[in-house]
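Novice: Residue-level listing of the chains:
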Amino acid sequence: MNQNKHGLIPPKFRPVINRELCRRCKRCILSCGFEALTFENGVIGIAGECVACHRCITMCPEGAITIQKQPLDYRDNEYWTVEIREELYRQSESGGVILASMGNDKSFKSYFDHMVLDACQVTNPSIDPLREPMELRTYLGRKPEKVTVEKDKQGKFQLKGKMPANLLLETPIIFGGMSYGSVSLNTHKALAMAAKNCGILMNTGEGGLHKDLYPYTDHIIVQCASGRFGVSEEYLKRAAMIEIKIGQGAKPGIGGHLPGEKVTAPISETRMIPIGTDALSPAPHHDIYSIEDLRQLIYSLKEATEYKKPVCVKISAVHNVAAIASGVARAGADVICVDGFRGGTGATPKMVRDHVGIPIELAIAAVDDRLREENIRHQVSLIASGGIRTSADMIKAIGLGADAVAICTAALVALGCHICQQCHTGNCSWGIATQRPELERRLDPEWGGQQLTRLIQAWSYELKEVLGLLGVNAVESFRGSRERLRGIGLSELELDILGIKHAGR
Amino acid sequence: MTKPMPEVAPEKTEDRLIIDASQKYYKVLNQEIRLAVSNGAHAIELRNVNGQRYLADGINKRVKIHIHGTPGNNVGAFMDGPELYVHGNSQEQVGNTMNSGKIVVFGNASDVVGYGMRGGKIFIKGDAGYRVGIHMKQYKSSVPVVIVGGTTGDFLGEYMAGGILIVLGLTADGDEFVGDYVGTGMHGGVIYVRGEPVPAHRLGKEPARVELTEKDNALLAKLLKEYSTELSLDFDKIMSKPFFKYTPQSHRPYGNMYANQP
Amino acid sequence: MVNHNYQHESSGCGLVGIISTTGKKMSGEQVLRAVAVLHERGNGLGGGFAAYGIYPKYRDFFAFHLLMDTAESKTAVEAYLQEHFIVEHGEAIPTRNPSERYPQYSSGRNLEEILPEITPPAIWRYFCKPKRPEYSTDGLTDEDYVVQGVMHINENIDGAFVISSGRNMGVFKGVGYPEDLGHFFKLEEYEAYTWTGHARFPTNSQGWWGGAHPFTLLDWAVIHNGEISSYGINKRYLEMYGYKCTLMTDTEVVTYMLDLLIRKHGLPTEVALRAVAAPFWKDVDRMSEEERKLNEALRMVYGSALLNGPFAIIFTHSRGMVGLNDRIKLRPLVAACKGDMVYMSSEECGIREICPNPKRVWNPRAGHPVIARLEDGVK
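Protein chains in written order, with the working numbering: chain A, 1 to 505; chain B, 1001 to 1262; chain C, 2001 to 2379.
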């Protein structure tokens, strides 16, 4: 029955070459990680292989390539969508779980796009961020409820006792966890360089820490996930903060699977597993079956690092996230990262990606409220992640109560990613989500570091601009200040959960 | 050394039209001033001023007004020509958006002196507050001048687009002559600070220190001679310490900040 | 549930504060004159005064000044006070008959014509002590107990507001120009060693008697010019500690914040002020190690307590008076002293009106408080 290797699924994209412009340099053919271009009396685009990653277009010196959707009409049916039909074909042909990558791309309401910000007019002056001080400095870690002072010999007040370990961010953004394995080493290097340049942090994800990143220790968050890949005393030492990953927005409640073919020599060394074996992350941590167990792991890590490093716990935004976060705070976490359902991944069952978890906007609002009701908000810093696309999303997340945001997909886009959503294939033409040496080489870490540095700089400018128009000159004067946000087109219940009023009120 | 000749012969006290301001609402007081000016008064003396705002605002005749007491906010705003002598301290916004003329304050001035000033001179004998000379600008042949004899607060010459700002620090008594963020956002004009160079951490991002030229020295001497004469200060003492000059590094400091929409 | 349904208002204003550091008493006439000079800074929608040392006879009692809109609210308040406090004495606060004509008004008008609200609410004072077992095990101080009472009345009794609750002090405020209200409240009959006065210019709400300044809690009283742009987060921070911001104005958060930091967290005044008007990081980075550590800790812990936006405030308590500006000085404040007297005002003319030749007059630096204290030994 099978007519081609794509079975019942028709081709999606096709590279179209303008033969008059094409100089036949074949750069496009070399640049495609998906073998969607070939040469036969000229360059030919192969329909069905192309994923619209746009690498060839970027590389073509003549502007001779366009990517078109393969024209194909289905009989209209708003219920049996084309996507559903194709998934059914794929499953019936394979008998497998449909794999996908990046984040939930369904048309759920984005609450970020239904919130607007306030601005000063007359009664309080806006502040010009270019000429007057504007402070973005943010500390991640546990804070005591109050400061205690004593007088020194000269009668001057000084701090009594010691502050718990906190990490300083020059701007409230970090690079979220993306493992070496799901992304290339050059991607990790670019992230680490930018983190250092910007005075922020990058998270290694659960794939261990490559030796090349050791010089960036002060800007590294290492992850301790259920697979414990690469977790060693050395690993813990080489980090500014340790994150226990319980869940991830793209795949709450399930484990991970890096296929053996991706476990190359350097990955094997970094993850501390043999070359070519599957790297399986269990669904839960098998030493954490309860909140008390989480406390045990948190304190094991604190003891191992002599309480010098804050411990973060990353959880997916699920229905009961507020109560869970409260428990996590009480278990001793210094930082909680809440990852919303738009959060990305290198590979996950598509069904899970698209149908499990809740939006980060609602989650962060609920968590911040809950921690305040229990008067334990100061015990933890809150990081919002999972679908932060722009500085506007970041700003709104901070207004809802986040201390900082973690960005992943946005950072990859800065490295060239065009969101073709094929990370799980390992064929990333941009050298990001791949371990193929010839593809990985394409990403120059120096250039990538600069791209990311400029992105963080631009977002920081924009954050300063917004703080200025809100009439405050420190980010903590806006953080959790819900009254500076208004909703548009939201129901009373949604407004209540977000803790904001509707525009016009 | 011969005494310099004042620009205008001092008016005789008996020529002054005297207005008692006690308990007078500013609206009434300003009406009386405007009436006197339109009737051709060359010199007016306001006595017992305390807090009346907007004195001499928008007046465009050459008239001398002596203010005794503490004038309220916005004295000399939008003024175009008169000479004001404040025998006391002035409050906020002296010479707001003033076009020409002169304001001499024998005491201290509060915040925002000479905001958006386009021409004329403001001489303060004592200290001045925050944001002195903010957004002063020069246009065609008008070059505004602000001289502060004492010290200033933060944001001196903020957004400065033109004109001349001079700080002498005569009252400093060991304190810094200028506050923090000197010349922040400056993209025109010149700031001279007497005594010591402004420490790098107190300088805004935009200005830079440059060497004084002969032309600068001549300009300072001319302006400070006038200043010391008006305020009966010792010119030689003022000139006995070096001056440091700050000018913007660019007229378009934010040219590289923006990216075009794709 | 957290209540997010609130609205707050902002205002521009005129401030005056006077203190005799030797505790010499003066009548309300001076503060009245000074605040009248700042007439232009108000718009007739609010004025008020705080006075310290006015109730020597009841010095050990918490003096509750209350605004009560209806007879029902008064009944409810009195029932609550009787249940939870020993009420030594209660009476209406004396006021001038608003319909009487006064020579002070050259137009021959009366207060009824001048004050925008013809019938102000009932204004009463009650001198109370907490009614609690001698060996109470609830862990509360008398002050905590009074704060709970104030929060309860303000939140739960319709139409009733506690406008002050300190010992040997009181607040007089309402809708109108402060000079008229001072006349209404017969301030010339009170003798105090500290006075503050406030002319209000609310911008986005109708004036109401409870919304005028000063705002108080126990013996803290705050008058404020400006807007706290960080109101939203300041309020949420205070709510964690049981403060209910019911009066819908940002000045209230200033009062509660100082109460939290100074009284409940035990920070010395100077240190608490560094938390609410923190030095910039750029300056903290240049400090000596010890100083840097303290300032960093304050900012880390009290980031949500930072008062951000343009403001000048004068706050007073039984032992002193403090003036403070925002960190980049977006509102005016002038200080002066002569002999044992310290003056603060939004404009120098307010001070000159009552002290024509002060020994020293100055503009305080942004974020740097001016602190005046009663001399040691002064009762």
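Just so you know, the hints here were simulated from the structure itself, not pulled from any lab data. Computed from a predicted structure; not experimentally measured. Errors might be hidden in some of the hints.
Label-pair restraints from in silico Cβ distances [said to hold, decoys possible]:
1) Ala1259(B) <-> Gly199(A): 20 to 28 Å
2) Pro1262(B) <-> Arg2286(C): 38 to 46 Å
3) Glu2113(C) <-> Ser1142(B): 47 to 55 Å
4) Ala1259(B) <-> Arg441(A): 36 to 44 Å
5) Ala119(A) <-> Ala1259(B): 49 to 57 Å
6) Glu2113(C) <-> Val122(A): 29 to 37 Å
7) Arg2286(C) <-> Pro282(A): 45 to 53 Å
8) Arg2059(C) <-> Lys151(A): 25 to 33 Å
9) Glu2155(C) <-> Asp293(A): 52 to 60 Å
10) Ala1259(B) <-> Leu493(A): 34 to 42 Å
11) Val122(A) <-> Tyr2135(C): 50 to 58 Å
Some chain B residues flagged as far from chain A (calculated, every beta-carbon gap over 12 Å) [stated by the list, open to error]:
12) Thr1184
13) Ser1232
14) Lys1237
15) Thr1247
16) Pro1253
Just so it is clear, CB atoms sit at the ideal spot from N, CA and C, and this is done for glycine as well.
Novice: Hints first: check each against the structure and report whether it holds.
Specialist: Quick rundown of the hints versus the structure:
1. Ala1259(B) <-> Gly199(A): 20 to 28 Å: 22 Å, holds
2. Pro1262(B) <-> Arg2286(C): 38 to 46 Å: Given about 41 Å between the Cβ atoms, the range holds.
3. Glu2113(C) <-> Ser1142(B): 47 to 55 Å: 50 Å, holds
4. Ala1259(B) <-> Arg441(A): 36 to 44 Å: With a Cβ separation near 29 Å, Ala1259(B) and Arg441(A) fall outside 36 to 44 Å, so the hint is violated.
5. Ala119(A) <-> Ala1259(B): 49 to 57 Å: 22 Å, violated
6. Glu2113(C) <-> Val122(A): 29 to 37 Å: Holds - the Cβ-Cβ distance for Glu2113(C) and Val122(A), about 30 Å, lies within 29 to 37 Å.
7. Arg2286(C) <-> Pro282(A): 45 to 53 Å: 50 Å, holds
8. Arg2059(C) <-> Lys151(A): 25 to 33 Å: Check passed, 31 Å falls within 25 to 33 Å.
9. Glu2155(C) <-> Asp293(A): 52 to 60 Å: 41 Å, violated
10. Ala1259(B) <-> Leu493(A): 34 to 42 Å: 39 Å, holds
11. Val122(A) <-> Tyr2135(C): 50 to 58 Å: At 55 Å between Cβs, range holds.
12. Thr1184: 4 Å, violated
13. Ser1232: 36 Å, holds
14. Lys1237: 34 Å, holds
15. Thr1247: 17 Å, holds
16. Pro1253: 8 Å, violated
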